[in-house]
Amino acid sequence: MSEAAKNQKTPGLQPPGWQFGDRAFKWLTLVMALAVFALIALIGYELFRGSHLALQKFGWRFLVSSDWDPVNDVYGALPFIFGTVVSSAIALLIAVPISIATAVYLTELAPLWLRQPLTMFIELLAAVPSVILGLWGIFVMVPFLRDHFFPLLQKYLGFLPLFKGPIYGVSMMAGGIIVAIMIIPIITSVSREILRSVPGLQREAAYALGATRWEVTRIAVLSYAKKGLFGAVILGLGRALGETMAVTMVIGNTPQIVKSLFAPGYTLASVIANEFNEATGSLYPSALFEIGLVLLGVTVLVNIFAQMLLKTFAGPSVKPQH
Amino acid sequence: MTAPNHSWRNFKNAFMQTLACVCAILVVAPLLLVFYHLIKEGFTSINWAFFTELPKPVGEVGGGMGNAIVGTFVLLAQAAVIGVPVGVLGGVFLSEYGGTKLNWWIRFAADILNGVPSITWGIVVYALLVVPMHGFSALAGGVVLGMMMIPLVMRTTEEVLQLVPGGYREAALALGIAKWKTIVQIVIRTALKGIVTGVLLALARVAGETAPLLFTALGNEHWTHKLTEPISAMPLQIFAYAISPYDDWHRQAWAGALVLLLLVLSINIGVRFLTRDRFQQKA
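If you're matching them up, the sequences are chains A and B in order. According to my numbering, the stretch in the first sequence is residues 1 to 322, in order. According to my numbering, the stretch in the second sequence is residues 1 to 283, in order.
It is worth saying that the hints were derived from the structure and are not from the lab. Quick reminder that beta carbons are idealized off the backbone N, C-alpha and C, glycines included. Check the hints yourself; a few may be wrong.
Derived lysine to aspartate or glutamate pairs resembling EDC-like cross-links, with alpha carbons at most 20 Å apart [as the list claims (entries may be wrong)]:
(1) 40(B) <-> 247(B)
(2) 26(A) <-> 221(B)
(3) 227(A) <-> 215(A)
(4) 226(B) <-> 53(B)
(5) 227(A) <-> 108(A)
(6) 101(B) <-> 159(B)
(7) 57(A) <-> 73(A)
(8) 311(A) <-> 159(B)
(9) 12(B) <-> 247(B)
(10) 26(A) <-> 247(B)
(11) 193(B) <-> 159(B)
(12) 181(B) <-> 22(A)
(13) 12(B) <-> 108(A)
(14) 56(B) <-> 159(B)
(15) 57(A) <-> 69(A)
(16) 226(A) <-> 108(A)
(17) 12(B) <-> 147(A)
(18) 164(A) <-> 147(A)
(19) 181(B) <-> 170(B)
(20) 179(B) <-> 22(A)
(21) 226(A) <-> 204(A)
Covered stretches of chain B, going by a simulated chain A footprint (3 or more residues, C-beta under 8 Å) [said to hold, decoys possible]:
(22) 120–134
(23) 202–216
(24) 238–250
Assemble the whole structure, with the sequences as input and the hints as a guide.
Here it is in C-alpha cells:
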C-alpha cells in the first residue's frame, strides 16, 4: 500500500518494486494459463507411452481387426469402433431434430414468460450426472423398451434387418437412446444461442413479404443459421462419442458386429471402463490404452471441427457448452 | 395467391409450431421422469444410517454410504485446491493480459480439453500417479477431478472478468495503482460472485463424474484415513450397486443417486439465484 501511496504523488514514474510485482503477477497468470497446453501434452504423452506395446505389435491393423481375445492376447478395436459409431449415430438421429425444434421453440415460438424457466430446466438436464441417467436407464428405460417399445418397432418395422432378432433390452438401441438424452441439452442450448444471434431484420424482412411464422423460421432463421447449427450438432457428436457411464450400463457390453439394433454392443469408452482394472499382463492394458488413444483422437478432431464451425459462424460470442 | 394455398400454408404453420412444442416437452420429460423415479425408489431408503454408516455386506440389511459421501467431499476439496488457483489465474491472464493470438490458442486448447472424454482422463492419471505410487489413492482421484476443473474454471473466469467495465480498470490505473493490484483488488473483487459461480458449477460437474475415478480413487468399503489409500465416492458407489444383482443394493443405489442429484441440482439452482441480479446468464 505504501508503494501505491508513493506513486500517487508521482504519476507516471514507476518505482522498481512495482515493476517487479506487476511482472511477477503477469508471469504467474501466464504460467497458469499455459497449463492447458501442458495438460494436452500430458494426455498425449501418457496415452502414447501406455499404448506403445500395442502400437508396435498391431500397428494400423488394430483399427480394422475384430478379434478381441484377452485369453490369446489378440486385440482389435473394430467392434468397439463400430459400437461407438452406431450408438452415436442413433443418438444424433434422435437428438438433432428434437434439439433444433426445441431451440426454435425457445427462441421463436414460446411465450416470453416460459422461455427463461424452460431454458433453465434444459440446463439442469445437462447437469444430471451420467451415472444417474445410467441407473435410471437400467431399471426404468431398458425394461420399458424391452416390454413395450422394441416389440412395437419389430411389429411394424421388423422387415428391416435393423429391427430383426431377439430382444434383450440392453442393446445398441438402448445405448443410442440414453446418449441422445445426454446430448439433447447441449445441442439445444448451443443451437438456442445460435438462433438468438440471428439478426431481427432477417425475420422482419420475411414477415414483410407475408410469410407465416414457420416460413419465417425456415427461410430467414434456420437457413441463415445453418452453419452454426451444424457446429452445435458436431459438438453434440463429440460428447456422444466419449460418453461412458450411462452407455456402459445399458448397451450390453458384447464385442460383436451385427446388423440388429436390438443386439447388445460395446463402445470404445465402455470397454476401457469395464476391462481396464482387470487387464493383466502387459499387452492387454496396452491395447486398452490404444483404445483410449483412438477415442481421444476422434473426439479431439470432432471438437476442433465443431469449434471452427461455431467460431466462423458467430465469432467468439457463442461459447461452447460443457 | 389462391385461397387453398393459403390455408395449406396456415396449416403447415400450425403443424410445425405444434411439433416444436411437442419436442420441447420431449426434452423436458426425461428430467421429470428421472426425478420421479429417484424419489419413488430412493426416498424410502434415506435415513440417518444412510449418511453415517458404512456399506453392509450382501445379505445384511441396512448400512449406508457415509464413507462415499465423505469421500466425494474429500475428492472435491482436493480438486478445488488444484483447479481453482490454476483456473482462476489462467482466466485472469486470458482476460487481462496476453496478445490476441496467444489467447486464441489458450482458449482453443481449453475448449479441446473440455471435450476430452472423462474416461481418457482416468487412464492418463492412472499412468501418471497410480502406477508410480503403486496403488490407487484418494490423491489420484482428487488430481484427476482437479485437472478436469481447470479448463472449465478458466473459461468462466475469463468470461465474468470481461463483464467488468473497462472504466473500473482505467480509473484505478489513473490513480496510479499498479496493474496487478488493480486486477486483484478491483477487477477480481468486482467479479467475485461470477468467479465463485463458475467454480461451484465446475465442482458440481466433477462431483458427478464416475469414469475418471474408476482407475484412480477406485472405491473403498471402509473409511479412508490417508490420501494414499483408495477412497469411495458417491458416483462410484452408485455404479457398483447399480450393476450388482442384489435388490437391497439397488435400493441403496437409488438413494445415493437421489442424494447426489439433489447436491448437483441445488448447486446449479443456487448459483442462478446468487448471480441473478448482476451477471445475468448470457449463455
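Status of each hint after checking the structure:
Proximity of residue 40(B) to residue 247(B) is assessed by CA-CA distance (about 15 Å); at most 20 Å being required, the pair is judged to hold. For the hint pairing residue 26(A) with residue 221(B), the CA-to-CA distance comes to about 46 Å; that exceeds 20 Å, so the pair is violated. This hinted pair checks out: residue 227(A) and residue 215(A) have alpha carbons roughly 19 Å apart, not beyond 20 Å. As the CA atoms of residue 226(B) and residue 53(B) are separated by approximately 19 Å, the hinted pair is consistent with the 20 Å bound.
A threshold of 20 Å between alpha carbons decides the hint, and for residue 227(A) with residue 108(A) the separation of about 19 Å falls inside it, so the pair holds. Taken as a hint, the residue 101(B) and residue 159(B) pair is honoured in the structure, with Cα atoms around 17 Å apart against an allowance of 20 Å. Of the pairs offered as hints, the one joining residue 57(A) and residue 73(A) holds, with about 11 Å between alpha carbons and a cut-off of 20 Å not exceeded. A threshold of 20 Å between alpha carbons decides the hint, and for residue 311(A) with residue 159(B) the separation of about 16 Å falls inside it, so the pair holds.
Simply put, residue 12(B) and residue 247(B) have alpha-carbon atoms about 50 Å apart, too far for the 20 Å limit, and the pair is violated. Using a Cα cut-off of 20 Å, the hinted pair residue 26(A) and residue 247(B) is violated, with the two alpha carbons roughly 57 Å apart. Between residue 193(B) and residue 159(B) the CA atoms are separated by roughly 12 Å; this keeps the pair inside 20 Å, and the hint holds. The suggested pairing of residue 181(B) with residue 22(A) holds, with an alpha-carbon distance near 8 Å, which does not exceed 20 Å.
Restraint check for residue 12(B) and residue 108(A): the C-alpha separation of about 16 Å stays at or below 20 Å, so the hint holds. About 46 Å separates the Cα atoms of residue 56(B) and residue 159(B), which puts this hinted pair outside 20 Å; it is violated. The suggested pairing of residue 57(A) with residue 69(A) holds, with an alpha-carbon distance near 15 Å, which does not exceed 20 Å. Between residue 226(A) and residue 108(A) the alpha-carbon distance is near 16 Å, which keeps this suggested pair within the 20 Å criterion.
Distance check on the hinted pair: residue 12(B) and residue 147(A) sit about 35 Å apart at the alpha-carbon level, beyond 20 Å; violated. Between the alpha carbons of residue 164(A) and residue 147(A) the distance comes to roughly 15 Å, so the proposed pair stays at or under 20 Å and holds. Straight-line distance between C-alpha atoms of residue 181(B) and residue 170(B) comes to about 13 Å, which keeps the hinted pair within the 20 Å bound. Restraint check: the Cα-Cα separation between residue 179(B) and residue 22(A) comes to about 6 Å, which is no more than 20 Å; the hinted pair holds.
Taken as a hint, the residue 226(A) and residue 204(A) pair is honoured in the structure, with Cα atoms around 19 Å apart against an allowance of 20 Å. Remark: the segment 120–134 of chain B is confirmed as covered by chain A, as 8 of its residues place a Cβ nearer than 8 Å to a Cβ of that chain, reaching the required three. Only residues whose beta carbon comes within less than 8 Å of a beta carbon in chain A count, and the segment 202–216 of chain B has 9; three or more means the coverage holds. For the segment 238–250 of chain B, the assignment as covered by chain A holds, since 5 residues bring a beta-carbon within under 8 Å of that chain's beta-carbons and 3 suffice.
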